[in-house]
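2 protein chains.
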Amino acid sequence: MKIGIFGYGNLGRGVELDARLHPDLELMGVFTRRDPATVKTLTGVPVYAAKELETRAGEIDVLILCGGSASDLPEMTPALAAKMNVVDSFDTHARIPEHFARVDEAARGSGHTALISGGWDPGLFSLARLYMNVALPAGKDYTFWGRGVSQGHSDAIRRIPGVRDARQYTIPVEDAVRRVRAGENPELTTREKHTRECWVVAEEGADRALIEKQIREMPNYFADYDTTVHFISEEELKRDHAGLPHGGSVIRGGTTGEGDQHRHVMEFSLKLDSNPEFTASVLLACARAVGRMNRRGDCGCKTLFDVAPADLSPLSPEELRRRML
Amino acid sequence: MKIGIFGYGNLGRGVELDARLHPDLELMGVFTRRDPATVKTLTGVPVYAAKELETRAGEIDVLILCGGSASDLPEMTPALAAKMNVVDSFDTHARIPEHFARVDEAARGSGHTALISGGWDPGLFSLARLYMNVALPAGKDYTFWGRGVSQGHSDAIRRIPGVRDARQYTIPVEDAVRRVRAGENPELTTREKHTRECWVVAEEGADRALIEKQIREMPNYFADYDTTVHFISEEELKRDHAGLPHGGSVIRGGTTGEGDQHRHVMEFSLKLDSNPEFTASVLLACARAVGRMNRRGDCGCKTLFDVAPADLSPLSPEELRRRML
Numbered sequence: 002m003k004i005g006i007f008g009y010g011n012l013g014r015g016v017e018l019d020a021r022l023h024p025d026l027e028l029m030g031v032f033t034r035r036d037p038a039t040v041k042t043l044t045g046v047p048v049y050a051a052k053e054l055e056t057r058a059g060e061i062d063v064l065i066l067c068g069g070s071a072s073d074l075p076e077m078t079p080a081l082a083a084k085m086n087v088v089d090s091f092d093t094h095a096r097i098p099e100h101f102a103r104v105d106e107a108a109r110g111s112g113h114t115a116l117i118s119g120g121w122d123p124g125l126f127s128l129a130r131l132y133m134n135v136a137l138p139a140g141k142d143y144t145f146w147g148r149g150v151s152q153g154h155s156d157a158i159r160r161i162p163g164v165r166d167a168r169q170y171t172i173p174v175e176d177a178v179r180r181v182r183a184g185e186n187p188e189l190t191t192r193e194k195h196t197r198e199c200w201v202v203a204e205e206g207a208d209r210a211l212i213e214k215q216i217r218e219m220p221n222y223f224a225d226y227d228t229t230v231h232f233i234s235e236e237e238l239k240r241d242h243a244g245l246p247h248g249g250s251v252i253r254g255g256t257t258g259e260g261d262q263h264r265h266v267m268e269f270s271l272k273l274d275s276n277p278e279f280t281a282s283v284l285l286a287c288a289r290a291v292g293r294m295n296r297r298g299d300c301g302c303k304t305l306f307d308v309a310p311a312d313l314s315p316l317s318p319e320e321l322r323r324r325m326l
Numbered sequence: 002m003k004i005g006i007f008g009y010g011n012l013g014r015g016v017e018l019d020a021r022l023h024p025d026l027e028l029m030g031v032f033t034r035r036d037p038a039t040v041k042t043l044t045g046v047p048v049y050a051a052k053e054l055e056t057r058a059g060e061i062d063v064l065i066l067c068g069g070s071a072s073d074l075p076e077m078t079p080a081l082a083a084k085m086n087v088v089d090s091f092d093t094h095a096r097i098p099e100h101f102a103r104v105d106e107a108a109r110g111s112g113h114t115a116l117i118s119g120g121w122d123p124g125l126f127s128l129a130r131l132y133m134n135v136a137l138p139a140g141k142d143y144t145f146w147g148r149g150v151s152q153g154h155s156d157a158i159r160r161i162p163g164v165r166d167a168r169q170y171t172i173p174v175e176d177a178v179r180r181v182r183a184g185e186n187p188e189l190t191t192r193e194k195h196t197r198e199c200w201v202v203a204e205e206g207a208d209r210a211l212i213e214k215q216i217r218e219m220p221n222y223f224a225d226y227d228t229t230v231h232f233i234s235e236e237e238l239k240r241d242h243a244g245l246p247h248g249g250s251v252i253r254g255g256t257t258g259e260g261d262q263h264r265h266v267m268e269f270s271l272k273l274d275s276n277p278e279f280t281a282s283v284l285l286a287c288a289r290a291v292g293r294m295n296r297r298g299d300c301g302c303k304t305l306f307d308v309a310p311a312d313l314s315p316l317s318p319e320e321l322r323r324r325m326l
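Residue numbers (my numbering), protein chains in the order written: chain A, 2 to 326; chain B, 2 to 326.
For reference, chain A alone in the conformation it holds in the complex (with noise of 0.2 angstroms):
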């Protein structure tokens, strides 16, 4: 199966080195929209200008998207989406409804097959909350993230004049998730839930009192959260904070039984030294299954609740059952 990358920042670069991992999956090139001479690849994977992905859309069997929630993929799934099969990682989780009906259409329409939303949250978080919902009808379920960098409060925090640059670490409240992974269930405030921790490095001669003001006082990003700030340096930032680690955890808590008497707890965690690698890998297998259900004519928009486990997999369903059921 021939894929193609468009986009080529860290989760581009991901998908291009997980393909090594899928000896099924072949990469045909990488597309970018900026001058194709300026960008190198890591393995060596050629690269296109965007506009040749109109002529060499049937030299791919798969596209997958590496462009952001925020601007790129709403107007690029769709477009892409009339023209070949896809694969994004749309994450604005209260537009999905939306996104979802305009790539549905151009899919359906043009005879296509489009995998929305993959990689860990929304993709294989969203799965678990799933399957622990439907095995624990009654109960509750919580989503813990980090400790990881969040790369749109790391941005966030970038936009405040007088910061040179930041990173931004998602913290859970150890006590809280102590109590949920109990089952006690209890209710907790977004305050309650998770802490942000930031690392700033400040423009020579810059206001930090007042840095730290707007950092916690931003609403929406931190207001609703104990936040830290911490001033270091430039070369502390690179040293210290270069890496993208992330993880989390998905919990639910839920009663069985006369007078719900028994008790259970379902918890999925990740742990992830490298965010954009982790999501490109769950992209890659995604892309198996759009590749495969296309072929058996089953177009239109999908999510990872939509796809048969066993079409993620290189595998046989024979050698699938035998292994690992």
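One should not assume that every hint holds.
Just so you know, same-sequence chains aren't split out, so a pair can sit in one copy or run between any two.
The list that follows gives simulated cross-link-like pairs (lysine to any residue, SDA-like), each with its CA atoms no further than 25 angstroms apart [unchecked claim]:
hint: 1; residue 1: 194; residue 2: 182
hint: 2; residue 1: 194; residue 2: 183
hint: 3; residue 1: 239; residue 2: 258
No wet-lab data here; the hints were simulated from the structure.
Dock chain B against chain A, hints included.
Relative to the frame of chain A, chain B by itself:
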């Protein structure tokens, strides 16, 4: 959707109790090989003789088979899959390919849909293994069971002369779990992964030293494990070991990136107060999916690997995307 139960032991009673949590599923009756007049259900569901399955097949959308894997299901599932849609929890891992083939032939030939090996292992743990393997192709996974009651091991102890009753707990070795969670991917022997704890009620005058020796040296069941044996009174067994708790973890550690520089650890874990009630709840969700697949003309034998997750849920695809993605 109308659901029947065949077999009224712990698992059958679990299905009966859990069905109240699945409002779209209606329990039409319990079928038993015992004299129906001697069976009283917990919630007043009608009881029928097993032979009535023939005449009442038209009243059942999906029958949940609550027999044992050793002697019941190998005959029962193929025989009944020829007459109606069925779900079972067949858990003899080594014999799954053979069981699948026989059930598939029976179901396909008669236009029915059957799902085998539902529950949590095989079942949700199998799904965890599959999703983890596709997300992290380069890695190694581990399954730990417990702390929980193994009915097979408890039964094996009960067959020893001089034993009146027994309860066996499977316990994961903490240090092994810690190393696997840390992403070390160690090589572990059977003995290094689990210990076995036995609570035994001996007949009066029985040779306890001999019983203990027979337990510890029993091949397959105990010889490869560090086993502790405690003799207690019948009253103590009833008071302290009446429940059927179980659980465990599937953990996979793997790497991505240049020179495998990034390490990731995925974990799915369960802590269950009642193994049969939790298993039953998963089987009910499987029954929902089987009913839907059969209505769409998707016949033959399935496992959870073949079921699109959305088919397990009572929610519509739109609701699922809005609430869980």
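Hint check:
no. : hint       : result
1   : 194 to 182 : both (13 angstroms within a copy, 23 angstroms between copies)
2   : 194 to 183 : both (15 angstroms within a copy, 24 angstroms between copies)
3   : 239 to 258 : between (54 angstroms within a copy, 19 angstroms between copies)
The structure agrees with every numbered hint stated previously.
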